[in-house]
Amino acid sequence: MSVMKRFWIALILSTPMLANMILMPFGVMMPGGKWLQFGLTTIIMVVAAGPFLQSAWASFKKHHANMDTLVAIGTITAYIYSIYAMVIHEAVFFESAALVITFVLLGQVFEERMRSSASNAVEKLVDLQAKDAEVIRDGETILIPLSEVIVGDVISVRPGQKVAVDGVIIEGVSTIDESMVTGESMPVMKKVGDKVIGSTINSNGAFTFRAEKIGDDTLLAQIVELVKKAQTSHAPIQKLTDKVSDIFVPVVLIVSIMTFLFWYVVLGATVSNALIFAVSVLVIACPCALGLATPTALMVGTGLSAKMGILIKNGEVLEAANDLQTVVFDKTGTITVGKPVVTDIIGDPQDVLSMAASLEESSEHPLASAIMVRASENKIIPPKITEFRAIEGKGVEAMFDGKRVFVGNDKLLGDYQIGAEMAVKVQQLQDEAKTVVFVGRGDEVVGLMAIQDEPKATSKAAISALKARGLKTIMLTGDNERVAQSIANQVGIDEVVADVLPGDKAAHIRELQKTSKVAFVGDGINDAPALTTADVGISMGSGTDIAIESGGIILVKNDLRDVNRALILSHKIVNRIKLNLFWAFVYNVLGIPVAAGLFYGIGLVLSPELAGLAMAFSSLSVVTSSVLLNKVKISQQTRIV
Amino acid sequence: MSKLIVSMIGITVVGFIIWWFFGKHEQSTAIADVKADTQSVDIEVNGGYSVETVILKQGVPAVLNFKRLDSSSCLDHVVFPEFGINRELPKGEIETIEIDTSQVGKFQWACGMDMFRGNVIIEK
Numbered sequence: 001m002s003v004m005k006r007f008w009i010a011l012i013l014s015t016p017m018l019a020n021m022i023l024m025p026f027g028v029m030m031p032g033g034k035w036l037q038f039g040l041t042t043i044i045m046v047v048a049a050g051p052f053l054q055s056a057w058a059s060f061k062k063h064h065a066n067m068d069t070l071v072a073i074g075t076i077t078a079y080i081y082s083i084y085a086m087v088i089h090e091a092v093f094f095e096s097a098a099l100v101i102t103f104v105l106l107g108q109v110f111e112e113r114m115r116s117s118a119s120n121a122v123e124k125l126v127d128l129q130a131k132d133a134e135v136i137r138d139g140e141t142i143l144i145p146l147s148e149v150i151v152g153d154v155i156s157v158r159p160g161q162k163v164a165v166d167g168v169i170i171e172g173v174s175t176i177d178e179s180m181v182t183g184e185s186m187p188v189m190k191k192v193g194d195k196v197i198g199s200t201i202n203s204n205g206a207f208t209f210r211a212e213k214i215g216d217d218t219l220l221a222q223i224v225e226l227v228k229k230a231q232t233s234h235a236p237i238q239k240l241t242d243k244v245s246d247i248f249v250p251v252v253l254i255v256s257i258m259t260f261l262f263w264y265v266v267l268g269a270t271v272s273n274a275l276i277f278a279v280s281v282l283v284i285a286c287p288c289a290l291g292l293a294t295p296t297a298l299m300v301g302t303g304l305s306a307k308m309g310i311l312i313k314n315g316e317v318l319e320a321a322n323d324l325q326t327v328v329f330d331k332t333g334t335i336t337v338g339k340p341v342v343t344d345i346i347g348d349p350q351d352v353l354s355m356a357a358s359l360e361e362s363s364e365h366p367l368a369s370a371i372m373v374r375a376s377e378n379k380i381i382p383p384k385i386t387e388f389r390a391i392e393g394k395g396v397e398a399m400f401d402g403k404r405v406f407v408g409n410d411k412l413l414g415d416y417q418i419g420a421e422m423a424v425k426v427q428q429l430q431d432e433a434k435t436v437v438f439v440g441r442g443d444e445v446v447g448l449m450a451i452q453d454e455p456k457a458t459s460k461a462a463i464s465a466l467k468a469r470g471l472k473t474i475m476l477t478g479d480n481e482r483v484a485q486s487i488a489n490q491v492g493i494d495e496v497v498a499d500v501l502p503g504d505k506a507a508h509i510r511e512l513q514k515t516s517k518v519a520f521v522g523d524g525i526n527d528a529p530a531l532t533t534a535d536v537g538i539s540m541g542s543g544t545d546i547a548i549e550s551g552g553i554i555l556v557k558n559d560l561r562d563v564n565r566a567l568i569l570s571h572k573i574v575n576r577i578k579l580n581l582f583w584a585f586v587y588n589v590l591g592i593p594v595a596a597g598l599f600y601g602i603g604l605v606l607s608p609e610l611a612g613l614a615m616a617f618s619s620l621s622v623v624t625s626s627v628l629l630n631k632v633k634i635s636q637q638t639r640i641v
Numbered sequence: 001m002s003k004l005i006v007s008m009i010g011i012t013v014v015g016f017i018i019w020w021f022f023g024k025h026e027q028s029t030a031i032a033d034v035k036a037d038t039q040s041v042d043i044e045v046n047g048g049y050s051v052e053t054v055i056l057k058q059g060v061p062a063v064l065n066f067k068r069l070d071s072s073s074c075l076d077h078v079v080f081p082e083f084g085i086n087r088e089l090p091k092g093e094i095e096t097i098e099i100d101t102s103q104v105g106k107f108q109w110a111c112g113m114d115m116f117r118g119n120v121i122i123e124k
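In the order they appear, the protein sequences are chains C and G.
Note that UniProt numbering has the first sequence beginning at 1, numbered continuously upward.
Note that UniProt numbering has the second sequence beginning at 1, numbered continuously upward.
By construction, these hints were calculated from the structure, which means they are not laboratory data.
Since the structure is predicted, the reported quantities are computational estimates derived from the model, not experimental observations.
In this text, a Cβ means the ideal position worked out from N, Cα and C, and glycines have one as well.
Heads up, some of the hints might be wrong.
[Unchecked claim] Covered by chain C, according to a simulated footprint, are these stretches of chain G (three or more residues, beta-carbon under 8 Å): (1) 31–44; (2) 62–72; (3) 82–88; (4) 92–100.
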């Protein structure tokens, strides 16, 4: 029988007794008296309380005890004593047993609902999946179930449809709503060559893409897996409650017996009064509240974070993130965009760009790609050149329009002349930590291009938010001191450690860990050792496998401000866990003495019914408090500056 | 006189509780049945888990068959933190849970409220 049904039976049958209790002071008596109470309570004990008794007995045989043990012993005691009292014509308290059962069941009905709403974040994620896909095979478009899609399939996506799996666009342009996976609220523009994520929603355009990851390999599947693990993980703080819950119930049983003995033997109370205190002690104690405090908050908290594109791996990471003192950042791709861009052009821009573009067209140097991007932005079609050749370690040169043209670095300066004005500019740009490229015609340098990997638009706001929280920020990079320092100044980072070889990053983290708790933020690709060494590894790799593998916190969106948001979230979740535990402990620590009659002298006593009601609401309130985490607002104080 | 008897009984019961719940009692252990290329263990959930310790062989796909007979809401879920499993156990039905046996070690499972626990030990 379901808890719900048991509750209704108990409620209906105990209502006459409740009415009797309320009306008694007014001199109104129920017909049937004790016999009616006995009859109703007996049915409640068998039907509604039966499962408690069975469970209590089953666990007793295994040397275990649980909440049911307390409820069962408490109500059975009240029930059996009342039968005895009825026989010897003394006051009975059948209604205590009946109402305790009703209230405990009421608590369980609510608690069950709350628990399922606490755990449904994962199901919501799974529901996001597309059910089928339009695959183009042998030139024909066929609709197949998601499970039959294979890697390499070409899938067409019409406006409004869901993207079936992860892949790369091969034709078409569209904007895609990725909020369900990344938490990014603005739709993202996607063109040929861009990656699309399964389960996201295409808005207005149509496109086809090649499937790259299917089934369990998709980003969504990995997120679901991660959230599941996070939700069931243990937080270190639970070790305390584990210890307490092991001994809790037997200790309460002992306290209850002691209460009875004290009232009956020492204070000389009547058997029935002493029993009422003992039963109240059994009924009010609630080990469940302790047990539920941490897991429910973890479940709601990690689910909530996942919705924002912040994946927190487990309770341990959560607690570690809560007492950090230092945040270390990787530079390239984390603080900066990771793609160098042309920031300044000195000389005639069109002329300088077209010369540079024609010379760099076939080069694969990262700086060359920055030049080509800028040239195409300026709609420059590189003119044809002849006699192309590389100048070893300096640059490249070729013939154009009958004249020699060249592009290269400052080592070319020995061979060519540069105007005084131009030379000043070079110095200026280099001081800004930009890489300067020289463009020349004939024997003369006619233009300069400054290239720099720029900080992301959000980096400055992200760093200042972290500093406002009192965290020390450090940048760790393989770049030279000057470039690194310039970027650090732009985004406001406290300290720079430059010229670090990729393999030495973890060692630097270890050094920092000697004095403080350290988080490392990186893109995961070459930072895996540093990510795993740090107390908290925060990886932002837009969902690359390595990032997911090595980070403790994974930022699905490539937004540095999420570091702060992740820390705010972990702070809120840990605080909620502590609050829950505090209430659960305080409840038991205060409730048991009150129920035992310790405050009898000042008129503060609890009848078993009230104890039952209090018990029902203690575990309910803990679960409710966890579910309310969903309502927590993460204020977006960090604006893009 | 009656108070003395009641006191004696009360203290005896306290002693019994301490011995029954805190004394050393043997845990039920089961070594998995390895059949061909799978192994399985049946676990009855009734006032706790019988068996409470399960020994599995590394590398052989394993399933644990949980059957809940207890209607307590304490035991209605089983959670394996290391494996990311949090499964509801419908009363009276057999719920099969697959265990990844690729790593040797001791893994704990617990009920939804973390009050009852059991262990999976994966051996070479």
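Practice problem: Any hints from earlier that this structure breaks? Give me their numbers in increasing order, please. | Solution: Hints 1 and 4 are the ones this structure does not satisfy, whereas the remaining hints hold.
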